[in-house]
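Novice: Sequence lines, in order, name chains A and Y.
For the first sequence, my numbering begins at 2 and goes up steadily by one.
For the second sequence, my numbering begins at 11 and goes up steadily by one.
Treat the hints with care, as some may be off.
Chain A regions said to be covered by chain Y (calculated; three or more residues, Cβ under 8 Å) [as the list claims (entries may be wrong)]:
1) 142 to 152
2) 201 to 214
Computed from the model, here is a short list of chain Y residues facing chain A with C-beta under 10 Å [to be verified]:
3) T68
4) S86
5) E310
6) G646
Quick list of in silico lysine to any residue cross-link-like pairs, SDA-like style, CA-CA up to 20 Å [to be verified]:
7) Y:K673 / A:N44
8) Y:K673 / A:Q198
9) Y:K521 / Y:F647
Think of the hints as simulated: they come from the structure by calculation, not from any bench.
In this text, all values refer to a predicted model and were calculated from it rather than measured experimentally.
All C-beta atoms, glycine included, are put in the ideal place defined by N, C-alpha and C.
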Amino acid sequence: MRRPGEVILDVRNISLGFGGVKALTDISFDVREHEVRAIIGPNGAGKSSMLNCINGVYAPQQGSITFRGKTFKHMNSRQVAEMGVARTFQNLALFKGMSVLDNLMTGRNLKMRSGLLAQAFRNPFGWGGAEREEIAQREVVERIIDFLEIQPQRKTPVGQLPYGLQKRVDLGRALAMEPQVLLLDEPMAGMNVEEKQDMSRFILDVNDEFGTTIVLIEHDMGVVMDISDRIVVLDYGRKIGDGTPDEVRNNEDVIRAYLGAEH
Amino acid sequence: MDVKAGPTVHRIVTSDTDRPSPSSAMAAGRAMASAPMPTSGDATFPRLLRGHAATRPTAPAVREKDLGIWQTWTWSDVAREVREIACGLASLGFGAGDHLALVGANRPHLYFAVLAAQSLRGVPVPLYQDAVAAEMVFMLDDAAVEFVIVEDQEQVDKLLECRELQRQRQGGSTALRHLVYDDPRGLRHYDTPGLIGYDALRALGRDWDAAHPGAFEAGVEAGRTDDVGVILYTSGTTGRPKGVCQTHASFIASAQGGVATDRLGPGDDIMSYLPMAWVGDHLFSVAQWLVGGFTLNCPESAATVMNDMREIGPSYYFGPPRTFEGLLTAVSIRMEDAAAPKRWLYAKAMALARRVGADLLNGAPVGALDRLKYRLGDLLVYGPLRNVLGMSRIRVAYTAGAAIGPDLFRFYRSIGVNLKQFYGQTETCAYVCLQRDGHVRLQTVGTAAPGIELKIADDGEVLVRGVSVLQGYHNRPDATAEVLDAEGYFHTGDAGVLDAEGHLRIIDRAKDVGRMAGGAMFAPNYIENKLKFFAQIKEAVCFGDARSEVCAFVNIDFEAVGNWAERRGLAYGGYVDLAGKPEVLALVAECIGQVNADLATEPGMADTQIARFIVLHKELDPDDDELTRTRKVRRGFIAQKYAVLVEALYGGRAEQFIETQVKFEDGRTGTVSATLRVVEARRFPALEAAA
Numbered sequence: 002m003r004r005p006g007e008v009i010l011d012v013r014n015i016s017l018g019f020g021g022v023k024a025l026t027d028i029s030f031d032v033r034e035h036e037v038r039a040i041i042g043p044n045g046a047g048k049s050s051m052l053n054c055i056n057g058v059y060a061p062q063q064g065s066i067t068f069r070g071k072t073f074k075h076m077n078s079r080q081v082a083e084m085g086v087a088r089t090f091q092n093l094a095l096f097k098g099m100s101v102l103d104n105l106m107t108g109r110n111l112k113m114r115s116g117l118l119a120q121a122f123r124n125p126f127g128w129g130g131a132e133r134e135e136i137a138q139r140e141v142v143e144r145i146i147d148f149l150e151i152q153p154q155r156k157t158p159v160g161q162l163p164y165g166l167q168k169r170v171d172l173g174r175a176l177a178m179e180p181q182v183l184l185l186d187e188p189m190a191g192m193n194v195e196e197k198q199d200m201s202r203f204i205l206d207v208n209d210e211f212g213t214t215i216v217l218i219e220h221d222m223g224v225v226m227d228i229s230d231r232i233v234v235l236d237y238g239r240k241i242g243d244g245t246p247d248e249v250r251n252n253e254d255v256i257r258a259y260l261g262a263e264h
Numbered sequence: 011m012d013v014k015a016g017p018t019v020h021r022i023v024t025s026d027t028d029r030p031s032p033s034s035a036m037a038a039g040r041a042m043a044s045a046p047m048p049t050s051g052d053a054t055f056p057r058l059l060r061g062h063a064a065t066r067p068t069a070p071a072v073r074e075k076d077l078g079i080w081q082t083w084t085w086s087d088v089a090r091e092v093r094e095i096a097c098g099l100a101s102l103g104f105g106a107g108d109h110l111a112l113v114g115a116n117r118p119h120l121y122f123a124v125l126a127a128q129s130l131r132g133v134p135v136p137l138y139q140d141a142v143a144a145e146m147v148f149m150l151d152d153a154a155v156e157f158v159i160v161e162d163q164e165q166v167d168k169l170l171e172c173r174e175l176q177r178q179r180q181g182g183s184t185a186l187r188h189l190v191y192d193d194p195r196g197l198r199h200y201d202t203p204g205l206i207g208y209d210a211l212r213a214l215g216r217d218w219d220a221a222h223p224g225a226f227e228a229g230v231e232a233g234r235t236d237d238v239g240v241i242l243y244t245s246g247t248t249g250r251p252k253g254v255c256q257t258h259a260s261f262i263a264s265a266q267g268g269v270a271t272d273r274l275g276p277g278d279d280i281m282s283y284l285p286m287a288w289v290g291d292h293l294f295s296v297a298q299w300l301v302g303g304f305t306l307n308c309p310e311s312a313a314t315v316m317n318d319m320r321e322i323g324p325s326y327y328f329g330p331p332r333t334f335e336g337l338l339t340a341v342s343i344r345m346e347d348a349a350a351p352k353r354w355l356y357a358k359a360m361a362l363a364r365r366v367g368a369d370l371l372n373g374a375p376v377g378a379l380d381r382l383k384y385r386l387g388d389l390l391v392y393g394p395l396r397n398v399l400g401m402s403r404i405r406v407a408y409t410a411g412a413a414i415g416p417d418l419f420r421f422y423r424s425i426g427v428n429l430k431q432f433y434g435q436t437e438t439c440a441y442v443c444l445q446r447d448g449h450v451r452l453q454t455v456g457t458a459a460p461g462i463e464l465k466i467a468d469d470g471e472v473l474v475r476g477v478s479v480l481q482g483y484h485n486r487p488d489a490t491a492e493v494l495d496a497e498g499y500f501h502t503g504d505a506g507v508l509d510a511e512g513h514l515r516i517i518d519r520a521k522d523v524g525r526m527a528g529g530a531m532f533a534p535n536y537i538e539n540k541l542k543f544f545a546q547i548k549e550a551v552c553f554g555d556a557r558s559e560v561c562a563f564v565n566i567d568f569e570a571v572g573n574w575a576e577r578r579g580l581a582y583g584g585y586v587d588l589a590g591k592p593e594v595l596a597l598v599a600e601c602i603g604q605v606n607a608d609l610a611t612e613p614g615m616a617d618t619q620i621a622r623f624i625v626l627h628k629e630l631d632p633d634d635d636e637l638t639r640t641r642k643v644r645r646g647f648i649a650q651k652y653a654v655l656v657e658a659l660y661g662g663r664a665e666q667f668i669e670t671q672v673k674f675e676d677g678r679t680g681t682v683s684a685t686l687r688v689v690e691a692r693r694f695p696a697l698e699a700a701a
């Protein structure tokens, strides 16, 4: 159904260390446009570090990242966001006291043209640039609310929502940036079966409806095997497998990493 | 509320917290008390629509909240869109006598499809959207449905499953040819032949219309008032659902009676949120909408109805008793959590309302001081409460479908909500009896509606003759002959009595009324309803026909009892655990004791006091066939399924182990098991004198 295209993101020979600790060693993989790419691995394998490198939060000591033909040694997070890469967080990065709507509106900040002053001193009549702009932004956000089926929670402070719904709002905030690439850090952590099913459906729908390329980290093997096109497997900071779900499932190294070696 | 012709969708407000100004809407409505309607004998729904579009093209006909904003269709918008859909269907080969099944929530597009089908002299067949494929396929087969319009991907998947079932059963052939969907989400890559989106259908329609000038008008003109206008399936309390064929004439006459009785018209607002397959929704949201010409409001989603109601402030509202009960339960729970001064004020105000509120609404004499106090209460409590319930602008609210609890009924009337009852069934367009303003009573369902004759048969069954009676069941002349007699009376199957002033009182389903071994009349619904009036009891099933004692199964209300348990610091680990707690059993026993005390005072009912009961370990569920889709208990089925429990009740056992299979919504099954205690209830000596 989905049709992966050209390589959109190419990670080459990335190494990252914190002092003496080697978090990532010589990792290379690519992500094609419109695909769902998973990064898996046991605890401490370096999955989140990998995402943070792509995201510009960490600066790797070695290696390069090529995004749409442009190569970077490392990027800062703002550049990354402006290039159309958005992410969600394992531990949620939402404003708990703000409503769902306002949280999603923050995701539109990069798209706003009017300055801080114009936004601060608005008139109530709906004329002027900042006002028209807010209405246009609100419409995008409303489409996301509709898409994620969180209309009943539109005005609810995020802190009052159950965890599964907060995760959905976090996804919505990332979607509000209209990203070309969406990085999801354990989107299903701490969810029950039903919530995982819902989330899987939303991820596939995002991929399908908007053509968004998705890179996700996930622990639940069942979910990963079901929704991913290709999977990278990390263990102790090294890449030990890369391929389709079937290839990875039958990879000796991967089985050993997950089930332990025979002695 | 400026609305003008032009683009299909108008924005009437710019923020979802705004709403159309009530005062201007009301003023416009009262100025035009009745719509200019072709009330002569040849009215059909498409011609009523044409009338509205011609005489008041810019008045709001339908609203829907979409992307957080209320969008409006004017009557001319509706007429244009119906025309496009009708022509689109015609281009696919839909024509006179064809059936169009509709599956989905209350979306404007689905209502337009109803009218589109009728414009071609076809017949809309709305189906319950939560029915599973195996149930739905029965109705699709029965009505030989070739065309279906559904809301979204979920329903498309279900219909494709139905088609597979048909193929398997009929050696590869299926009648279902065309499937139209409203919401394209997730359907981009479906390449099933015959699948078409709503907008694509409209585009087809425009082309077809241009190529066939005058064809649409001719279709609307050709429609006859005695054509079948809709087929509505009964919920099938017993046996398979039956398709009830109703003509345009019967629904229009029924709607006219209701609209005239309650003086409904342009400017009134109704919230459309109950299943389209239910006869009540067809009467209120289609027939009365077109006859009265008021505005139909569709909520954003099923989960936002409460919120959307507050924004729209409907003036006309209907709901089954359980909806009103749900609202009251929500309010009660919040009140219990409120601070002490608020609780005190609420208790004071409600005590006053109970005393004088209903009298004020009925126009009965009330003292000046009490009037003043009630005015104050209205300012502080009743008004804000109505606002929270979304009932600030309600002129008329109706309930039907089941008996309503006395406390519940009095509560709404006492805070100034004009809640009334009506009586009717699918076979009578839900139009047999109405309560008129000033003549509202708790125990009765009102007097015969305009155009309706009532008669009570010798065995107590209610017989109905008049404008609203069905033409017949689809494909079931045998069943039609059973309910329609030679004189044209429809046999309702309900046992009732008419009082001296012509008010009808329904006692029970005629076939459910049995005899105790001791000879006393046993009316299970009557007792079950008394039980269900307690907030803590969600469902009850009574047994007693041909037995010496009455015994009952009870379902606790998880929300109400859960809250009660939390308040007492009673820990529980889910439904099964909570339902088995000795404290909960004692709570239920207390409710049953009160019902027994009540029964003891009623003539002839003292012998039907409940002797023993069991609190069930699982909720009775339509998915397990224990309830109908309209949530009526299937008593016979339950007695069979839980035969060991019935035996335990009558066999003098103290407890019983049971394991039950349950079906989850996604079709998987699992089991729940528990050891249930049989509890003795307190019974009272008969107090005939006190009655």
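Novice: What hints, given by number in increasing order, does this structure fail?
Specialist: Numbers 3, 4, 6 and 7, in rising order.
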